[in-house]
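Asks: Line by line, the protein sequences give chains A and B. Here the first sequence is numbered in this note's numbering, starting from 1 and rising by one per residue. Here the second sequence is numbered in this note's numbering, starting from 290 and rising by one per residue.
For the record, the hints were derived by calculation from the structure and aren't laboratory data. Some clues are possibly wrong.
Stated by the list, open to error - Derived list of chain A stretches under chain B, where covered just means 3 residues or more per stretch with a C-beta under 8 Å from a C-beta of chain B:
no., segment
1, 137-149
2, 231-238
As the list claims (entries may be wrong) - Now the in silico label distances, taken between C-beta atoms and shown as ranges:
no., chain 1, residue 1, chain 2, residue 2, range
3, A, H42, B, E507, 23 to 33 Å
4, A, K104, B, A453, 25 to 35 Å
5, A, C225, B, Y517, 41 to 51 Å
From a predicted model like this one, the values you see are computed outputs, not experimental measurements. The C-beta atom is built at its ideal place from N, Cα and C for all residues, glycine as well.
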Amino acid sequence: MSVIKTENISYIYSDGTPFRKVAVDNVNIEINEGELVGVIGHTGSGKSTLIQHFNGLLKPSEGKVFIDSEELWADKSRLKAIRCKVGLVFQYPEYQLFEETVYKDIAFGPKNMGLDDAEIDKRIRDTARLVGISEEMLGKSPFELSGGQKRRVAIAGVMAMEPKVLILDEPTAGLDPKGRNQILSLIKEYHEEKGNTVLLVSHSMEDVAKVATKILVMNSGRLFCYDTPDEVFRRAKELEEIGLAVPQITRVFNRLKAEGISVPDNVYTVDRAEEVLLSMLKQGGEADD
Amino acid sequence: MIKDITIGQYFPGKSVIHRLDPRMKLLLTTLYIVMLFVADGFLGLAAGFIFLLFAFFISRIPLTLMIKSIKPIIPIMIFTGILNILFIDTGTVLFEWWAVKITTGGLKTSAFMIIRIICLICGTSLLTYTTSPIMLTDAIERVLSPLKKIKLPVHELAMMMTIALRFIPTLIEETDKIMSAQKARGADFETGSLINRAKALVPVLIPLFVSAFRRAEELALAMECRCYHGGEGRTRMKQLSLGVNDYAALGITVAFLVLVIVVNIFTVI
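Pulled out of the complex, with its shape left as it was, chain B reads as follows:
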């Protein structure tokens, strides 16, 4: 149940997408998001969607994983869809009753929004599926490094992010374990009123916090024992470098972005 959360869940592989420089992947994902927001018609969105399918296909991520990543945002999608249907009253009226008015414009916009959300989530999930969290924070650190000039502790922020990401699976596992242990003692998390269920979480949360603090202390001690003293003068084991693949991927993405802009201009005319 709790293990189904896919945030930051890396799906190991050796595809071209997996091997791209993480900085480039960050940039490409940004461009892709821009692409989705620049598109103001179904045609532009279709271009973005094709780009996604293309990237998804060469990454060899199983379709079930992608569907799994959409699942948690279904409520948001339904909410946006309904809001758009109800509050946009352009186009021809299809149905009217009391204050509810459904129009072709509303339906169109809500379909457009839902597709856009799906594309957004799938695209960004593709980034986290194909990039290990360590690589990702590494890339973020490198991308943000110019901000060191204005005294922003970039390295420390990246280290905090790495540690946080690194401990998500550990904490999830721990939660699972503690829940199992309390279930074995007859705790019940699935039935009862909302208040009772919230109360039932106390025997899980307290041990979880205690162990999180214990882990933090142990980790800090271990880091200090290995002479960790911040980012100054630190070298890396894996140097990031941009290769032919990266530039090719950038080229293709920019081409798609241009395509979307061109499509926009033509549909306006």
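Next up, chain A with everything else stripped away, as it sits in the complex:
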């Protein structure tokens, strides 16, 4: 059962002026429930524009979007309900924080959904625990927190709405490696705990390779491919042609293979590489042929 489906959607910015730009060009896609999709593409490849169609923030210039088999924009009054179903965390979401306390800020989304106070309180505490915000932090002003903490609060604000689909646009942008790993693992945890569909937009293959079950590659507004990481990374040459690199470790393994060493070609995280190499060392000799 597909939770997100698009039919030939295109989106054109500033049509009829010299600034005209086709950001999304005839994209057809079906995303099944429960996937953790990595959305990858160059800056300006249309990935951010594409995801804004999924919760009805942008209306496609052409084509149709379906969420849970319901057509978007068929009934405008349903848009708010759709936006609660498809949660979108924007790039640099910490810039949208506005409330006096972290608690109130996370409550903003659930409150807009019209939930009662007890339910809101439960959700806030739930998500706060999930993203690693301490009780004491809930009472602080969001403007006192560090960058990484702010980011987690902002993500929690959307997670607390318990959307069926959670979309995160570059959630690790501008964070240090530690912060990046924290965010990535909390996304993975969220996906495992709730079993919801998650879309993770990124331009880092490494990030996506760590967590995704499916990868969607955009190239200059078009859908390049949508497949499992194995299938996508197998097309290393093509990916390089459109300016995207497969993860470093996969490149190492591809080279090893080119040198005539028999290694599996579905290695795209360092952890997996370690596993593979260790088992090869144990068996011994296999790497010699």
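Starting from the structure of chain A, add chain B where the hints point.
Replies: Leaving out everything else, chain B in the frame of chain A:
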């Protein structure tokens, strides 16, 4: 929605009008406004209108953009039109009911006013459409530079204007982004009572102000890092100079102005 605001929206091009010296364009726009206000009959106004069409035609700005710039002032036009119709009672009476009296004079004046407003807005929009904001403030700085003698901080004013103009699109974009982000969290800006809608803006305004201050601080720091210390001794990358085109444009504009004055004198006689 919010992106439709066209103030200071430069429409890049290579037409003669685009290439005119911005100082000259400022002067010409002033002359054009004078032309519109000097005209006291439809004939004079027609001359101004023809001048506008002529300038508009050679600037190659799409008509839709011009129409877009008129849109926001439609309420003002309607208001002026109605006021003039109601309060001017010269000429023959066409319609009378209770205190309302519509006369030919009233209709004429209101039509005259509306056309004048349209010409004014289109003319000044043409200036902003064909001149980048940077060029414009540059020109303003140069035109005002004699006022430095009376200790007016002309350079600083121009710099403030440049920065303000430069940040309008950025702030609009930012507003759009924050609005989208809050919409994604279920905020509703389109329905509800006026008070509720005003309240709904709080989650947009606070992040907007916070980011505006952050940007200001970053910009000030970046300027200081590049040794900015005001206008003294500053040279420019692009020197403004008047060319043949500029004088030709001035000639044509002055000719139109004279024409309007002449038309005025003759219609009075």
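Asks: Take the hints in turn and mark each one as holding or not.
Replies: We went through each hint and held it up to the structure:
1. 137-149: Coverage by chain B is violated for the segment 137-149 of chain A (1 residues, Cβ < 8 Å).
2. 231-238: Since 0 is below three, the answer is violated.
3. H42(A) x E507(B): 23 to 33 Å: holds, 26 Å
4. K104(A) x A453(B): 25 to 35 Å: At roughly 33 Å between Cβ atoms, A453(B) and K104(A) fall inside 25 to 35 Å, so the hint holds.
5. C225(A) x Y517(B): 41 to 51 Å: Since C225(A) and Y517(B) have Cβ atoms about 49 Å apart, the given range 41 to 51 Å holds.
The structure fails hints 1 and 2 (numbered hints given earlier, in ascending order).
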